[in-house]
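Going line by line, the protein sequences match chains A and B.
full-length UniProt numbering numbers the first residue of the first sequence as 1 and each following residue consecutively.
full-length UniProt numbering numbers the first residue of the second sequence as 1 and each following residue consecutively.
By construction, these hints were calculated from the structure, which means they are not laboratory data.
Accuracy of the hints is not assured; some may be wrong.
30 angstroms max Cα-Cα, derived DSS-like pairs, lysine-lysine [as the list claims (entries may be wrong)]: (1) B:329 with A:294; (2) B:329 with B:140; (3) A:197 with A:139; (4) A:319 with B:329; (5) A:294 with A:247; (6) B:329 with A:322; (7) A:212 with B:85; (8) A:283 with A:320; (9) B:37 with A:294; (10) A:135 with A:166; (11) B:329 with A:283; (12) B:37 with A:197.
Read off the chains here:
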Amino acid sequence: MRALQGLRGPRAPSLPLLLLCFLAALRRSLEHGLSTAAPFKSLPVQEEMMTKYSNLSLESHNISVTAAPFTSLPVQEEMMTKSSNLSLESHSISMTEHSNMPVEKNITLERPSNVELICQFTPSGDLNSVNVTWKKGDKLLEGNYLVNATGGILYTQHRVAVINSKQMGSYSCFFGEKKQQRGTFNLKVPEINGQNKPLITYLGDSVVLMCKCQDCLPLNWTWYGGNGSVQVPIGVPVNDKYVISGKHANETRLKITQLSEDDQGTYLCHAIFELGESEGHVKLVVLSYLVPLKVFCAIAAEVVLLVAAILLFEMYTQKKKKPSDDGKEFEQGEQLKLDDSNGIENSGPRHRKNESVGQ
Amino acid sequence: MLKRKVQPYKKTLDGGWGWMVIFHFFLVNVFVMGMTKTFAIFFVVFQEEFEGTSEQTGWIGSIMSSLRFFAGPLVAVICDITGEKTASSLGAFLVAGGYLISSWATSIPFLCVTMGFLPGLGSAFLYQVAAVVTTKYFKKRLALSTAIARSGMGLTFLLAPFTKVLIDLYDWTGALILLGAIILHLVPSSMLLRPIHIKSTSDSDIKDESSLSPTGPEAACGTETSCCNEIQESAIEDSIMQKERRPGISLTVSQNQSKEFNNEYNRNGLFRKTNEETYWKKTTSRSCKQKLFDFSLFKNPFFYIFTWSFVLSQLAYFIPTFHLVARAKTLGINIMDASYLVSVAGIIETVSQIISGWVADQNWIKKYHYHKSYLILCGITNLLAPLATTFPLLMTYTISFAVFSGGYLALILPVLVDLSGNSTVQSFLGLASFFAGMAVLSGPPLAGWLYDYTQTYTGSYYFSGTCYLLSSVSLFFIPLAERWKNSLRTKREDCSQVRA
């Protein structure tokens, strides 16, 4: 304002000059506004951003341990109404001055959206002396973040409009200068689950390899067969051997028929999202039927050996007993005779018995 | 026709070659029980591979375990025709063959036949024949030897991880082939089942307190030949008057010896009947071929007593074991502790079986009293089970249940031998198993239905407890049945005396 007054002095108020001065003043107050919690000044800029990305979902990541509300709430509400068809995802991290471990949070994003990252910091000393910075990876971020201090807790909020894979990565908020406390948000695409254990199949068989994603819907799936480091896309020349299908959008199946030794190896399934790619591994092992058959034959041979050994043993013991066997049988007859003839005796049957036993 | 070489012994071995028979029985227990347990692993594999519902896939396991009991009478018949060694080897081939053919399976119904029907049939053969031969070789130490053989069930916990390793290495087809090969080992071990003839001397002390039913004139026929009561009765009735009080044919002979003994006895009787051309075996075998199935069992009250107790105790046994882990989960106990419970139960059951067998063999009181008390205690334990809501209490319940169930399990075979009286153990066990098969078939679905209906596991425990108590009830009727049998016998003796 003073500048303007000063300009009035010479009495040559040209319009462009006035405009320039006005703009300069505006910019200064804008910068000032951003570092303090003056919401109104920072609104136009953000509104611009909002209108640009109005077709995106707004994700706001809020972690508030205390119940101290944002003074920028009315701002939020306005922004919400502007981007009401967007989904707002909010994630937050809280930390104290004395937390030793760096605090991390993994955020899984599937569709382009607006992500609001909020860091909450409880300093031991003076609030206002704490310096707040945001970094993406190692690059320092400028602008686009709010800092608010209420009730002894420092909040900082950073909004990211994630539209493609360039905005994915890890975002960190830093508090303090000497002893920096750091909170990290990792923005990632959803993970794909392949199969942990290798699939065992036999030559000539067919197998179905499956890749699944828990709660996501990729745009597209592709399969790659990896022999070593070379990755060859599968199914590009459409043939009978490879059939790619999938019952639901969150899974993909690759059916391979007429397996041969060459089909062994690790297969990769790529899921393509708007925000990047993700892949899963499936390992395939192809055995020939001879492998278990050999083991089977070995065991069967061992069984046959045991049977033969037992038979030989039995024959041997029988041979030993044979000369005495007849004697024993007669002995049996004698014993029976004795048993029989304990009471009533009859010589007739005894003879007959002898004869029949002798048979 | 004497196919086998007979080795005449003066009394039951109670040792010697009997331990080889026990070894075979042990292996049978390991593999037969192992089959049932490893099936749980194949269940998951088959469900994934053939995309069947769990009900359909579960049928395979049900058929396998229930056919083991249902095929009892068939085993008895075939054993009479071919003999024990052959029957057992046939069983081993059936099981191994079933597994081998299953490796080419293309659908669940296919598997129902090759992995349910064939192994089930084979395991029936194996198990029943082994049990019967054990009863022939052991008399005084029957309970202890059976318990030692049954401890093979404790080793089955090794089979499950082994099967998993096989599946990881060779996929389920290769695993089935290899398991079939391993089960083939039962063929040489069934060749250990040497036939045995026991011949009793005139003054052998064959009075056995454990015997319950007087075997006298209605005594059953021989070991290797078919069971032909009628013929013996007619033959013996004539001769009984002549041999009234011969010590050599003491009527209080115990069951194990009676069969062999009565072989000789029949011989005598028949010879006394002055049919020269009938070499005793020929007679019995010729007429016996017409009577392969022993229907006289249905007239035997002991059969009903035993079957009632057997069926109900089998029904009641499955439910607590089935639901133990699930119950632990609902109480908030984690899987590791629950599996610890299961393994503790297994070990204690094995040990308790051996101790119970040894105690029963001491013959301080009749074996069925022990059986009765164990069943009652099992019932009470299960009725109190719903009170166990924390891990220590659940552990207490598991331990006590394992102790008592091990106790009664070891005594099933000895009590059966004591009760079987007139008939061969083979046909008795066969027919009793047939009825038990129904309990086995209906057990798991019933347990599941109970849970679905009551939404807690306490209902199944109450059911199991009452089943156990009911199963012990029939054993209280044994003295009554004994008295009835005695009166029958004296009546018949009077009749024959009058006739004479």
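Results of checking the hints against the structure:
Between residue 329 of chain B and residue 294 of chain A, the direct Cα distance comes to roughly 43 angstroms. Violation of the 30 angstroms bound is thereby established for this hinted pair. Under the criterion of a C-alpha separation no larger than 30 angstroms, the hint pairing residue 329 of chain B with residue 140 of chain B is inconsistent with the structure, at around 44 angstroms. Using a Cα cut-off of 30 angstroms, the hinted pair residue 197 of chain A and residue 139 of chain A is violated, with the two alpha carbons roughly 40 angstroms apart. Using a Cα cut-off of 30 angstroms, the hinted pair residue 319 of chain A and residue 329 of chain B is violated, with the two alpha carbons roughly 62 angstroms apart.
At most 30 angstroms may separate the alpha-carbon atoms for a hinted pair to count; residue 294 of chain A and residue 247 of chain A exceed this at roughly 39 angstroms. About 65 angstroms separates the Cα atoms of residue 329 of chain B and residue 322 of chain A, which puts this hinted pair outside 30 angstroms; it is violated. Taking the CA atoms of residue 212 of chain A and residue 85 of chain B, the gap is near 54 angstroms; set against the 30 angstroms cutoff, the hint is violated. Our distance criterion of 30 angstroms between C-alpha atoms is broken by residue 283 of chain A and residue 320 of chain A, whose separation comes to about 61 angstroms.
In summary, the hint linking residue 37 of chain B to residue 294 of chain A is supported, as the alpha carbons are separated by about 26 angstroms, within the 30 angstroms threshold. Note on residue 135 of chain A and residue 166 of chain A: the hinted pairing holds, with a Cα-Cα distance of about 14 angstroms set against a maximum of 30 angstroms. For the suggested pair residue 329 of chain B and residue 283 of chain A, the alpha carbons sit about 34 angstroms apart, so the restraint of at most 30 angstroms is broken. For the given pair, residue 37 of chain B sits about 23 angstroms from residue 197 of chain A by alpha-carbon distance, which is consistent with the 30 angstroms threshold.
Checked against the numbered hints above, the structure violates hints 1, 2, 3, 4, 5, 6, 7, 8, 11; every other hint is satisfied.
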